[in-house]
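Heads up: the protein sequence lines correspond to chains D and C, in order.
Counting from 1, position 81 in the first sequence corresponds to residue 81 in this note's numbering; the numbering is continuous, with no gaps.
Counting from 1, position 50 in the second sequence corresponds to residue 50 in this note's numbering; the numbering is continuous, with no gaps.
Simulated from the structure, these hints should not be mistaken for lab results.
Errors might be hidden in some of the hints.
If the Cβ cut is set under 8 Å, some of the chain D residues that face chain C in the computed set are [unchecked claim]:
#1 Glu16
#2 Pro20
#3 Asp132
Just so it is clear, CB atoms sit at the ideal spot from N, CA and C, and this is done for glycine as well.
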Amino acid sequence: MIERDEDPWVDWIAAEAGRPVALDPGARERLLAAVRAEPLPTRAPRPWRRLFERRPLALSPVASLATAAGLVGIGVLAGAMIYRDGRPAGPPTEVVENTRLPVHDTVRVVKFVLIAPQAKEVALVGDFNRWDARATPMTRTPTGGTWSVTLPVVPGRHLYAFVVDGTQWLADPTAPLAPEDGFGAANSVLLVGESHS
Amino acid sequence: MTRSTGGWVIAKDMSDDAADVQRVLAGDVDAYAKLVDRYYDRCARFAVRMLGNRDDAEDALQATFLRAYRALARYQERDKFSAWLYRILVNQCRSIAARRAHRDRVFVREEAVLLNAPDTSRPSWSGEDEEFVQRVLAELDPLLREAFLLKYVEELSYEEMSALTGVGVSALKMRVKRACDRLRERWERIKDD
Chain D
1 MIERDEDPWV DWIAAEAGRP VALDPGARER LLAAVRAEPL PTRAPRPWRR LFERRPLALS
61 PVASLATAAG LVGIGVLAGA MIYRDGRPAG PPTEVVENTR LPVHDTVRVV KFVLIAPQAK
121 EVALVGDFNR WDARATPMTR TPTGGTWSVT LPVVPGRHLY AFVVDGTQWL ADPTAPLAPE
181 DGFGAANSVL LVGESHS
Chain C
1 MTRSTGGWVI AKDMSDDAAD VQRVLAGDVD AYAKLVDRYY DRCARFAVRM LGNRDDAEDA
61 LQATFLRAYR ALARYQERDK FSAWLYRILV NQCRSIAARR AHRDRVFVRE EAVLLNAPDT
121 SRPSWSGEDE EFVQRVLAEL DPLLREAFLL KYVEELSYEE MSALTGVGVS ALKMRVKRAC
181 DRLRERWERI KDD
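Just need the whole structure built from these sequences, with the hints factored in.
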């Protein structure tokens, strides 16, 4: 049942506001052209979902920052647990490495890694590249399905995601998820700290 | 007097929406044009009434349908398409209104300095009903305007409004009541002029 205000003046305002409006005749075509320029949305197949389930993961920034802070004992222990021959040990999964390199005080070099053996192409999108799926393509390792890219990022809180095969928008399951923005797109959060040196 | 055919969040052609979404996800981008056509006019009406001009409304519509398209694979497990789309639209209108408020404040301040003139950003009533109604709506606080439009123009239930806006039912009822009170006060001023 539709509720109405009893006041005829208010009812008149509502009735007039309810009349159809006409936008620029070209607006709809411009909208559809913009839609066609977008990658086609597709549903992630089940194997992908299993692969991308969230799970506990030790991140290299912990070891990096701990070492930098001079916590030698903890650092050595963590490093021994996390690294083997310079590569992460444990089950393969998505990994985000925030590797602090001595570049300068205002920019950090961040390595983004995604394991996606079935993917034909992977791109990194985020606020740091204006969510442009063509701006930061990721490179597959010669021997496997690991994709990575390294780029400088200014300190602060950043949102990012991966675009697989130009169609699948994937949050990083090993990183914190950004709060739901009400629009359905899931993004991950990357926190890049200031210099600790 | 014509009234909108409201209550469209409970879409009678929901099965059509679901079928079109499936076709888009299967690779048929033209199916999205059908979804756009189905909701374009209603979204346009809300955006124009909410934002007060067609340029901003067009921006809101484009952002809304693009965001919905990008996130289409995720919607269907949660909502009816129409309700989901409308939530995006409401959020887009809020964002654009907030950006415009900042822009207008800067513009008006600079104009006032340059011209040493009062704020003339609001047009006077030309006698046309639509312009007049648009102006009366623009005088409402945005949250009151939003609640009024959702209730009396889009004819949603308070429960539907709550789902769209994330605001509680009692708070929405209060906003609608205040909007009606403001409109009645406006009418009293018109009569006195």
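Which numbered hints fail: 3
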